[in-house]
Amino acid sequence: MLLSVQGLQKRFGGLVAAKDVSFDLAAGELLAIIGPNGAGKSTTFNMVGGQLRPDTGRVMLAGEDVTGLPPRLVWRKGVGRTFQIAQTFVSMSVVENVQMALISFHERTRDLTADATSLYRTEALAILDGVGLTEMADRSVSELAYGDVKRVELAVALASEPKLLLMDEPTAGMAPRERAQLMELTASIARARKIGVLFTEHDMDAVFGHADRIVVLVRGEIIARGTPEEVRADQRVKQVYLGETGVQAALKARRAAQA
Amino acid sequence: MDPAFIVVQALSGLANASSLFIISSGLTIVFGVTRIVNFAHGSLYMLGAYLGITIVPRLLDIDRTPTMFFAGVLLAALAVGLIGVLMEVLLLRRIYKVPELFQLLATFGVVLIVQDLVQKIWGPVDIAGPRAPSLRHGIQIMGQRFPAYEMFLLFVGPAVLVLLTLLMQKTRFGVLIRAATQDREMVGALGVNQAMLFTGTLFLGAFLAGLGGALQIPRVPANGHMDLSIITEAFVVTVIGGMGSVPGAFVASLIIGLLQAFGILIFPKITLVLVFLLMAVVLVVKPWGLMGRPEATANRAVLPEGILSLKPFGTGERLVAALVVVALLAVPLMGDAYKTKVGIEILAFALAAFSLNFLVGAGGIVSFGHAAYFGIGAYAAGLLVVGPLKLPMEGALVAAPLAGGLAAALFGYFVVRLSGIYLAMLTLAFAQITYAVFFQWAEVTGGDNGVVGVWPSAWASSRSVYFYVVALLAVAAIVFLRRIIYAPFGYTLRAARDSANRADAIGIDVRTHRWLSFIVAGAAAGLAGGLYAFSKGSIDPTLISIGMSVDFLMMILSGGLQTVMGPLVGAGFFHAIKDFFMPLTDFWRFFLGLSIIVIVLAFPRGLVGAVDAGREALAHRRAG
Amino acid sequence: MTDQKFTRRSVVGGMAAAGTLLAAGPGSAQGAPVKVGEINSYSKMAAFAVPYRNGMQLAMEEINKAGGLAGLGGRPLEIIFRDDNSTPGDAVRVAEELLTRENVTFIAGAFLSNVGLALGDFANQKKVLYLGTEPLTDALTMGSGNKYTFRVRANTYMQTKMLVDAAKAKQVKRWAIVAPNYEYGQSAAANFKKLMAAAVPGFEVVTEQFPALGRVDAGATVGAIAQAKPDAIFNVLFGADLTAFVREGNTRGLFEGRQVVSLLTGEPEYILPLGDETPEGWITTGYPPEQITTPAHKAFFDAYKAKFNDTPRLGSLLGYVVGYMIRDLFNKAKSTDTEALVTALEGLTSDSIAGPVVMRAIDHQSTLGAWVGETTLKGKLPTMKNWRYADGKDYLHPEAEVRAVRKG
Ligand SMILES: Nc1ncnc2c1ncn2[C@@H]1O[C@H](COP(=O)(O)OP(=O)(O)OP(=O)(O)O)[C@@H](O)[C@H]1O
Ligand SMILES: [Mg+2]
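For the protein sequence lines, the chains are G, Y and X, in the order given.
Per our numbering, the very first residue in the first sequence carries number 1; after that it's consecutive.
Per our numbering, the very first residue in the second sequence carries number 260; after that it's consecutive.
Per our numbering, the very first residue in the third sequence carries number 884; after that it's consecutive.
Do not rely on the hints blindly, as some may be mistaken.
Calculated lysine to aspartate or glutamate pairs in the EDC-like style (CA-CA distance at most 20 Å, straight line) [unchecked claim]: (1) X:Lys1112 - Y:Asp261; (2) G:Lys77 - Y:Asp768; (3) X:Lys1010 - X:Glu985; (4) X:Lys1188 - X:Glu1173; (5) X:Lys1263 - X:Asp1159; (6) Y:Lys570 - G:Glu143.
Keep in mind that the hints were calculated from the coordinates and are not lab data.
This structure is a prediction, so every number in the text was calculated from the model and none was measured.
Model the full structure from these sequences, guided by the hints.
The structure is reproduced here in structure tokens:
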């Protein structure tokens, strides 16, 4: 198993943000965590990515215990991620953002003399090509539309050839059309390179259209899990979470996928 | 120990704590709402004292009663409140949007202006105020005499705390202050008249500062040094208590008051260090103070203040750089001895400023105590040359950057854990500790007398030769630092500044990297200090003082934070202003303060930034 | 305030105007002025430096009116005043500027000890004369002394010794010491302990308080001293620290039944701000200008008052004395050459309004003394009583000590 999460728990003062969260994720698989606002999705991502240390529970990556490791070490073990609010190096150009990731990947962050602008530029451009950002390579990230910034994050995350991608709301702030494109891109990359993807989305089209399996989180607890069909059929999910609109969206997504 | 003595000593400490709280509460409220660290708060306190010694005796002439005394104190405080309003409307209102560092500097400009105005109006001689009628005597407490006035002060602090709490809980103004302190954006969203709220807050803050000052007149004479001596203490209190927290300020005042009252019994010689040490420890253990809350992180990624895009030199820039270097080399040949001397100073300052901008501009690490590393470098060089080791200049110039780097390694280890204003305050605390140690530890450092006889080796003793030594080392160090900024190391530093989260998530050890950068900058500043020492022949604690740190900040600010080469222009420019005003008038601080404010308001991107902006505008017009 | 009018420009401008006006009259100075550079803390230490500058200006005008520098063919004296920003670094730069741009013959001045030491060392390096006027630190003429550096005012050791002489008769043994925590305070305390131990058998220090300069916690300090139950107190605090200390001590009864010996407190600069809180009977060094009735001093007092509408301070006296000392120096050297000036200044005798002052050759310390007496309130005026002029020649460092520490 690529990723195995066992009994994660996190408290913030009196609030239990995550409680006994467990799931597995295989290489090349897309697993979606869904749930209403404040359900604990980002908290779970952060415990996997190392941004938060879980109170109890374990995170196993390819059989290795990475619980409580700082993010940079989790990353070294092959985990790339994007954030709910995009995190990029705003003073740099698009390609420099990716170069930065490559510099780190090749452990040259403390190099005092090399010319950083030309370092790994070719490789970075190739990665940008993969996510369709070639045209924007030399523009400053601060000038980009938010949707494009999200794609920069994806490119940065891919630069280290990760085994696992964590994507916290990768399409938030995008137009519907862009969303579909990004999710398709992600899915194809994941399947082609055997990358496991853990993602969360409020957009049900994205979830039901691309996830292999879904975990439903409500108030820090997993209330359902399974294939999209199983989850869609789950009565409790319908009640507490999906509601009418959710079901409709799910149906629509399936129609779109079939068409 | 005699219990009566302990009680009276505690009362003395509490009376001081009470006074300290009155002043600090104003500072912390103003910070909470406006997010401006108001350096001029100490100036408002001083104005309170001066207005007190002006107004109170007039009222006492009418009628020698406590009522008249306290009416005078309140009048003075109200007048200072109005001065605070003036300051808000004329200055602060225009700088809420500019970065912290600029705000700090603009308010420091106000400090300089007020210092000279006070001297102009009230003269340079200390003026003792009248004592409060009916409170002149001492009260017997367990057989010891304790001043009645201090007994009274002891209650004023808690009374102010109660009144402030009522204000915060019961009035609309108070509720808004609390709301703004907790979430600044929310107030804007609520559609509150922000201008009124800020003006009102400044009135309240200045009133409290003025009250604190006016209440001191029976104890200390009004004098021109009270502003800076109180402001550092008030900073310590607000930082320990948590910036923006009134109850925190209260607790911190109590701790400081008692620490001083009993500290002098145990460590009579290091009380200055003690207070800053406490602040450093608190910041290390509780980065947001005892009762402060973490700064709400911005929801949207904002462009950092500092070096943005790095363009390599074009042909034009190369030409300019070459010309500058040639001009530099010609100074000793063309200019007189004085020009050469000034050239040496500017080169040393340019290196120090460049190293500071390496931290501030590239790393977003706003050091408010860079003079510490400059000074430590100078002292290392000086003490090695004239001390028992009698090292030659060459050895001392190797030791200077090592010492600067070592000190930066020690302090930086704690500094890089923080960010923003807390980081700035911790750097300030470390610089003050260093200053106090060098100032007070006369056996080793020569105290305020410093060390003399720090002259270059014989072969470099001619001014021109030493100029070339400095030019060579300073330019080499600057070129090296510039290289680092363009190298992966510098990119990584900027990455950590732009987004620590992202940097961490691509495997960058943010803290260590910032620490290494701090060490590099400290070493460069240390070298600058060493070079400076040999040009003066002497070193003394003013090299580590707040004033020196502010000078360095002024240099990078006037040159432009966003530009790589700006600090160099800034060093020259700033030195030139000082050189120009100083011989002209005794009131040159007034003009210096004014220049600082003008630069903050008119050239927020500095001189080089302004030139760049002009060129961009021109290019746009041509293109369009 | 009268003193603020004297920016450099107005001084220089005024000089030029005076020169042209007076050139016509007999006995007035003529020829190119002889320039002296004077560096002091005019902006940050204005309370001390400005009266000093006034005194110097008065002397300069009198000298030029009386025919200038006789030893140099009646050329007028021109003193160029510069601010040192109270930092040695700036002082050294300004010195350089005065020497290269203004072509001054030598430099004088400094109030702060660190500025004085830096200028002295600079002078030694550049082989120019530096006449330190106000700095007190012993080091200037002892450990850090050099061939080119001279000092006018009685140093810390001398003033402390004057006080020890006045206090030892009482044979009090249990002492408390309170001093600002920096070189001046520490060295005054050390001098006091050394001299007292030699003068009073059984002398002991029961507590030493070293509050930070400029921020004495007066209540706590007074409490700590009272707790040690000393019989007498040696005080080195001055300025705002002193005022706060005196008020707190008065209220808490610290000074009742205790002899206080206090350095410099009798100087008008420090005693006037004490106002009606001025303690009675502290033994101190200082200067009671209105009580000194020698004709020379009386003339100075009246002239100063007429010109500046203020009574002279110690700084004014010093500036005035230095002004005439400079005249005597040029008249003796008959040259503006540094080596000639240094030679002439060693052993130079100047008849000052305080009495004859000699620049001792072995340590370059002048014998200008100080007035030793007791603090008192005369009506509303804080001043001194039972004073006498202690001639500095009786209080200089012993020659053997000088030889032991001086390098040049
Ligand atoms: N650092 C923190 N300190 C305190 N509480 C926190 C912290 N981080 C998250 N929480 C709380 O934990 C709960 C879960 O938050 P989380 O961000 O994981 O939710 P989410 O499922 O990602 O929601 P959304 O869909 O809005 O992103 C929320 O109630 C949130 O307020
Ligand atoms: Mg979330």
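Results for each hint:
1. For the given pair, Lys1112 of chain X sits about 12 Å from Asp261 of chain Y by alpha-carbon distance, which is consistent with the 20 Å threshold.
2. At most 20 Å may separate the alpha-carbon atoms for a hinted pair to count; Lys77 of chain G and Asp768 of chain Y meet this at roughly 15 Å.
3. In summary, the hint linking Lys1010 of chain X to Glu985 of chain X is supported, as the alpha carbons are separated by about 17 Å, within the 20 Å threshold.
4. A C-alpha spacing of about 11 Å is found between Lys1188 of chain X and Glu1173 of chain X, which places the hinted pair at or below 20 Å, so the restraint holds.
5. Restraint check for Lys1263 of chain X and Asp1159 of chain X: the C-alpha separation of about 7 Å stays at or below 20 Å, so the hint holds.
6. This hinted pair checks out: Lys570 of chain Y and Glu143 of chain G have alpha carbons roughly 17 Å apart, not beyond 20 Å.
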